[in-house]
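**Student:** Take the sequences, apply the hints, and build the full model.
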Amino acid sequence: MAEFKHKDIIALRDLTKEEMELLLSTAESMREINSRDIKKVPTLRGKTIINLFYEASTRTRTSFEIAGKRLSADTVNITTSSSSTTKGETLADTALNLLAMKPDIIVMRHSVSGSHYFLSSKMPGCSIINAGDGTHEHPSQGLLDMLTIKDRFGRLDGLKVAIVGDITHSRVARSNIQGLTKMGSSLFLAGPPTMMPPGAERLGNVTVCGSMQEAIQDADVVMMLRIQQERQGKTLMPNAREYSRYFGLNPQNLKLAKPDAMVMHPGPINRGVEMSSYVVDGGQSHILKQVENGVAVRMAMLYHVCGGELE
Amino acid sequence: MHGRGDLMANEKTVIMDNSGIKRAVTRISHEILERNKGLADVVLIGIRSGGAFLAEEIGRVTEVIEGVKAPVGAVDITLYRDDVSGHLPHQAVGKTDIPFSLEGKRVVLVDDVLFTGRTIRAAMDAMMDHGRPACIQLAVLIDRGHRELPIRADFVGRNVPTSIKENVAVLFDDRNQPVEVVLEK
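The listed protein sequences correspond, in order, to chains A and B. For reference, each letter of the first sequence is one residue, going 1 to 311 in this note's numbering. For reference, each letter of the second sequence is one residue, going 1 to 185 in this note's numbering.
Hints may be right or wrong, so weigh each one.
[Claimed, not checked] If you want a taste of the chain B side facing chain A, the calculated C-beta under 8 Å gives, among others: (1) 26; (2) 76; (3) 88; (4) 92; (5) 93.
[Unchecked claim] Sample of chain B residues lacking proximity to chain A, with all beta carbon distances greater than 12 Å (derived): (6) 36; (7) 90; (8) 95; (9) 160.
No lab work stands behind these hints, which were simulated from the structure alone. Computed from a prediction, not measured in an experiment: that's the story for all the values here. Cβ coordinates follow ideal geometry from the N, Cα and C atoms, glycine included.
**Tutor:** Listed below in structure tokens is the structure:
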């Protein structure tokens with residue numbers, strides 16, 4: 001099996017198929033720990049992990065924190081509202097100050113795409129994990145989505161995966177496209193033209209569809225994205241109601257997908273906008289399974305970046 | 001055939017053949033039954049990968065003798081190793097499969113080769129995280145010496161005096177059945 005030699009995990013674009021398979025395989029083994037009475041192993045004892053969140057997050061931050069604690073690392077959370085950023089400190093200065101405290105891993109979420117590469121260049125000897133950067137990538141979400149799909153179908157290659165919504169602003173979509181195309185899935189994207197990045201079809205085995213119906217027709221996986229009000233101007237869509245009519249998933253258009261198709265959403269969900277509650281709470285929804293797998297995937301990421309580089 | 005350990009060395013001697021392994025496993029099985037007065041509350045936990053195959057084997061033999069089947073589980077000790085923070089890439093983590101509680105059970109840990117004892121230390125820590133067993137016993141096919149921790153086996157297939165530079169490997173076939181034990185210089 002492949003070895004994982006990266007110091008950082010910033011984007012699935014940087015990982016090979018074999019490296020992602022190793023992370024997923026380790027995550028599958030990590031799940032056993034999460035089902036025990038004593039949910040802890042001593043592996044990362046003595047390691048310090050700083051969760052540095054410049055953007056709001058419940059799921060991802062909690063999930064990374066639990067993952068670190070279950071591996072016996074010491075985890076510290078820093079959120080912008082309580083940090084020196086509000087006093088005007090730059091990211092470079094924050095990095096140098098944190099580095100002086102000798103952390104082993106920094107898990108960061110930042111609104112600027114690519115900021116993790118900058119942080120990594122400032123922090124030799126410390127691993128950087130991307131928990132979401134602007135509209136670039138969200139690798140832990142991509143990996144947990146792949147694990148959830150693999151659980152359901154036992155494979156990733158040859159599957160038809162539809163991603164519907166605001167593709168332009170979605171780092172979840174980018175990580176899933178990078179990861180799933182390498183694993184052999186075919187991707188079909190749909191969304192309002194104002195939310196579809198030009199050249200999306202150049203990312204690999206990706207088809208940009210003219211309508212949502214076209215994308216989800218015979219799909220094995222229907223992945224819905226959140227409408228990100230905070231990242232877009234007011235002009236990208238007329239209103240939530242109209243969006244929902246053309247790009248919302250409901251029990252009727254879900255019938256276009258394969259009968260055993262799985263429905264996914266990275267959360268948080270705007271019920272009634274991108275997805276009706278019938279679908280969110282329905283039998284085909286794997287949304288809570290995604291959250292469950294998130295802890296195991298993040299344990300695998302923390303475990304593998306802590307290994308040596310052998311270079 | 002596949003086995004644990006480094007097979008790069010060139011000089012190989014077979015120190016236990018297939019029928020030797022079968023006899024040793026049968027004797028260990030009888031000793032486990034004798035010590036525990038049957039199989040009540042006994043669970044067999046094999047250490048991946050070689051020990052897990054041997055635990056299955058001991059499970060089969062004790063069932064033939066006793067007429068009841070002891071639960072068999074497998075533990076991967078990667079996450080409990082004492083050298084995980086080294087400078088090498090972290091190993092893939094295998095599956096730990098213990099689908100029953102160990103609380104109050106008489107756990108028989110099974111491994112193929114007992115060497116430094118560090119693997120057994122890690123496995124015992126892992127057992128404790130699955131509940132509080134009534135006791136833990138250790139069964140190994142080969143004890144090659146060179147302990148670095150105060151650990152000894154309760155059931156031993158064969159004691160093999162070795163030099164620290166040598167390697168002892170139990171080889172298994174494609175169906176995970178033990179084939180032979182080799183000593184490599």
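**Student:** So, for every hint listed, does it hold in this structure?
**Tutor:** Now for the hints, and whether the structure bears them out:
no., hint, result
1, 26, "violated, 32 Å"
2, 76, "holds, 7 Å"
3, 88, "holds, 5 Å"
4, 92, "holds, 5 Å"
5, 93, "holds, 4 Å"
6, 36, "holds, 25 Å"
7, 90, "violated, 3 Å"
8, 95, "violated, 5 Å"
9, 160, "holds, 30 Å"
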